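Visitor: Read off the chains here:
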Amino acid sequence: MRPVIKVCFIMTEILKANNVSKTFETKNGGRIHAVDSVSLSVPKNDFICIVGPSGCGKSTFLKIAAGLEPASSGSILFRELEIKRPDPDIGMVFQEYSLFPWLQVIDNVAAGPEFSGVKKNERLKIAERYLDMVGLLEFAHAFPNELSGGMRQRVAIARAFANDPEILLMDEPFGSLDAHTRILLQKELLRIWETHRKTILFVTHSVDEAVYLADRVVIMSARPGRIKEILDVDIDRPRSRANPLFGRLADNILQQLEQEIKGAGWGRAKLATRNKMK
Amino acid sequence: MNKKIASLLTPTIVPVVLLITWIYAAWHISNQVILPPVDNVFALLANPTENLISMGSLVSNITVSLARVLMGYLMAAVLAIPLGIIMGYYALVFRLMNTFLNIFRPIPPLAWVPLVMAWFGVASLATIFGVETGNLFVCLNNLKFSMIFIIFIGGFFPILTSSIHGVSSVSRILIDSARVLGASEFQIFYKVLLPAAMPSIINGLRIGLGISWMCLVSAEMLPGSISGVGYLITHAYTLASTDIVIAGMISIGIVGMAMDRLFYYIEIKKYSWQRLAK
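Chains as they are written, first to last, in this note's numbering: chain W, 7 to 284; chain L, 80 to 357.
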């Protein structure tokens, strides 16, 4: 039995970040330390939310995980292999409108299979299935610009799922939506996640969103982004925002973030100017 | 109903005023060389297939001119679009080529004439294909390298500039989305950059065609030219047939306008998505 257990253990960890750091060079020769030695292990089928003050490098971390940016040091492993370039098995949903405006909705959803050479009939069938999953089958032949913001993000989610990735990275996908649409889409995402069972790494600045969605919430510090704390969300699903546990956890996270924002506003800014003068 | 009539009438007011002025001025001057009467010119335009002072008919000359323009223009498009896309995408290629090209950009196509004559003389397509007699020779000999080169120069820069602009303004998110969906570098060019930049490229193609068409007259004034609307005009001038000059000018205008309209319709038909984006 032992070896089997060991195999299971290895299999359950789909993504692993080892001491990932990222430094950007600014145009005037300065350096921005965006991510600082982040180590994180993501078990298969988990829903993990990363929250942090804006500019803390959470999106940068996601870009490294997607293979869109190289890490300055450290590495992120996907199925034990270092991520160096984008991989269709790692999907990503962006905050801004990332749909191809010249393609109809259905062709947008079929884009992933198209890139990997799936035949037209087959990929349209796949696209239909995932459009149906997000409830937008009747808009298959609309253009993205004819849809509302919420619908566009649903298409973006369908497009990411149509590629059947093992892990889905989501970079504030609901960030630009109004509160109602946002809550609706959170519910929908959970429904899809529960039926399709994917691993999701979700970046948000909304504490409420994180507590509502995640199995675990990763709190990041202000720049340079470090992991401050990882909290398990032990609230049964479907979750209710009226649950006292929900409120207590959200409050706890909010307080930690507040400390970070205050700290970043004063101490770190001074430190940065002093470093520059050196 | 009144509004409809007014909107139909408005564009005709200025031409009608011009026509009346022309009729009056021609009658007043009563010198055919300075300003021929309107009916002379319209008689020429009404019989476009009539042979004019042994220089061929309006239609045959326009056909020859069109063939030249299309040839030079297509060469410009075939070279400028891929170059523009590559320059717009790879900053290194842009830096490598931009200064070089910017030196050539302000040189009017006409300024190339002496150099072009030195290089190509009266060589034509007939020269490279080794055809020396017959109808085919007459056809191919009309396509002189010197002319095609001048037309090429006229079309090249607007197409290049708009292709660069079109590609460099493609949102980073669209390219990143394609990459995470598994697009290869070639697919990014072909399926993302090209369609995303297409409205801008089409616009450049439209301007380029206009300029190519404008370069025609100067190209057809080159030695060795014995046909084409430009030749017709300049030759008619030496024979003091001002009515043919004006008829030729009007046909150039009409053909140019028709070609521009064609592009306009392509723009509306195929790129409605862009209109929706506004």
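For the record, the hints were derived by calculation from the structure and aren't laboratory data. Be aware that a few hints might be false.
Below 30 angstroms or equal to it, Euclidean Cα-Cα: the simulated DSSO-like pairs (lysine-lysine) are [what the hints assert, rightly or not]: (1) W/Lys204 - W/Lys234; (2) W/Lys50 - W/Lys131; (3) L/Lys348 - W/Lys90; (4) W/Lys22 - W/Lys90; (5) W/Lys126 - L/Lys83; (6) L/Lys348 - W/Lys193; (7) L/Lys83 - W/Lys90; (8) W/Lys33 - W/Lys125; (9) L/Lys348 - L/Lys270; (10) L/Lys83 - L/Lys349; (11) W/Lys234 - W/Lys268; (12) L/Lys270 - W/Lys125; (13) W/Lys125 - W/Lys268; (14) W/Lys33 - W/Lys126; (15) W/Lys204 - W/Lys193; (16) W/Lys268 - W/Lys50; (17) W/Lys90 - W/Lys234; (18) L/Lys348 - L/Lys82; (19) L/Lys83 - W/Lys204; (20) L/Lys83 - W/Lys125; (21) W/Lys125 - W/Lys90; (22) W/Lys131 - W/Lys33; (23) L/Lys82 - W/Lys131; (24) W/Lys22 - W/Lys50; (25) W/Lys125 - W/Lys204; (26) W/Lys193 - W/Lys33; (27) L/Lys82 - W/Lys126; (28) L/Lys83 - W/Lys131; (29) W/Lys22 - W/Lys193; (30) W/Lys50 - W/Lys193; (31) W/Lys234 - W/Lys22; (32) W/Lys22 - W/Lys131; (33) L/Lys82 - W/Lys125.
Since we're looking at a predicted model, the values are computed, not measured.
Visitor: Return the numbers of the hints above that this structure violates; sort them in rising order.
Guide: When the structure is compared with the hints, numbers 3, 5, 6, 7, 8, 13, 14, 16, 19, 20, 22, 23, 26, 27, 28, 32, 33 turn out to be violated.
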